[in-house]
Amino acid sequence: MNLGLGQLFWVVLQRDLMVAMRRWSDICNPVVFFVLVVSLFPLALSPRAEFLRALAPGVLWIAALLAALLSLNQLFRADIEDGTMEQMLTLPCPLSLVILAKTLAHWLVTGLPVVAVAPMLAITYHLPADAIGVLLLSLLVGTPTLSLLGSIGAALTAGLRQSGVLLALMVGPLMLPVLMLGARATDIALGGDDPTGPLYLLGALLALALSLAPPAAAMAIRISAD
Amino acid sequence: MLTGTGLTLWRGANCLFDQLSFAAAPGGALLIRGPNGSGKTTLLRVIAGLTQAEEGEVRWNGAAVLGRDESGRNIMAYCGHATALKPDLTTLENLRFFARLSGYPTGELAGLLATTGLTACAGLPARVLSAGQKRRAALARVLMSGAPLWLLDEPQTNLDAAGREFLARMLQEHLANSGTAVIVAHQPIDLGSAPTNVLQMGEAA
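As you go down the protein sequences, you meet chains P and R in turn. The C-terminal position of the first sequence is numbered 1239 in the working numbering, with every residue numbered one higher than the one before it. The C-terminal position of the second sequence is numbered 262 in the working numbering, with every residue numbered one higher than the one before it.
Hints in this document: simulated from the structure, not taken from any laboratory. For each residue, glycine too, the CB sits at the ideal point set by N, CA and C. Any given hint could turn out to be false.
[Unchecked claim] Cβ-Cβ distance ranges computed for the label pairs, FRET-style:
#1 A219/R / R1174/P: 36 to 46 Å
#2 L1068/P / G180/R: 45 to 55 Å
#3 R90/R / A1129/P: 51 to 61 Å
#4 G203/R / G1019/P: 14 to 24 Å
[Stated by the list, open to error] Here's a subset of chain P near chain R, in silico, CB distances under 10 Å, partners left out:
#5 T1097
#6 M1101
#7 R1235
All chains, full assembly: derive it from the sequences and hints.
Rendered as structure tokens:
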């Protein structure tokens, strides 16, 4: 009768991915936004290679952070509006695990495509190969942290009608360390130094968010669903 | 045995209920009646643990904090106004998700769809279902839960005559198997010979 925890995680993850696959625009939005913002900078500023190279870590990371913020609003909203969250709340299953599964699905759909196209955009910014590797690694560790931190804000604001700006104001400051460490790691690699320090810190932030964000978001969802 | 004692809830300056108490034994039903806006849905949500009452408590077989039990089997099936169907998934996919969550054998879903009269729309996305069909899907989810306590919020809404009859039959069967049901209803439901308590909520503030 009772569902195993891994099974529960998998069932929720699978369902969310299936819903996302039926709505392609939701998947495309953040990555299109990311590509647009990143490709506008050389047009507005200067196409000089050394200038772009210095700009690349910051621009790519800022765009990735904004793309993550943009997509967060929808994380729990549909589930609260259509009553799915009520069902989750009345089922005898740990809510934080449900939230973790939903956040992972959300990252796979909105964060992973951004990480995937980042190297291509980095090439247009004349970034050397080893710096691209560090950028990729920092995004791979950093964007799940953004999704996890964002899940707390999304859970708190899911019951509000217009939450976009409020959500950005709330979780934006929490995301700043990720932005600074991610951009810094890439920048250090660009300068030819060893970027492991900021990368380790990024990993530590991911571990922290992974363990603390789901229970916090679960508590917030109970308030939002009331 | 479901008991509520001394439940009090305020919404702003409105007192929805004050020192409200009720009980429903296994095999018995509790009907919540009252005019629109008198707090029937809110009371059901309090029983489900979705809303916190300011005072009082709801107990199920002596254990407090219903619905927050993270171990053991499903205690309750909550069927609110929202049908919890994802518009982009088919009826079958929607129900399969809840079947897997509540441990209902997915092989028996086809039979369940037939019982609830949803076979024809099993492969249709839930967004094209009529309101009555969505309600039937929500009732199918209640049937899958295997929970001893059913919390139904105006379950007859949008149902046709055959649907209401089916609802009455499934409730009678549930009560006959010593299940418990709390039902918010405006229209009378034929619950057969099951003992029924009626809880009359106050006038709308």
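Cross-check of the supplied hints:
no.: 1; hint: A219/R / R1174/P: 36 to 46 Å; result: holds (38 Å)
no.: 2; hint: L1068/P / G180/R: 45 to 55 Å; result: holds (51 Å)
no.: 3; hint: R90/R / A1129/P: 51 to 61 Å; result: holds (57 Å)
no.: 4; hint: G203/R / G1019/P: 14 to 24 Å; result: holds (22 Å)
no.: 5; hint: T1097; result: holds (5 Å)
no.: 6; hint: M1101; result: holds (8 Å)
no.: 7; hint: R1235; result: holds (8 Å)
Of the hints listed earlier, there is not a single one the structure fails to meet.
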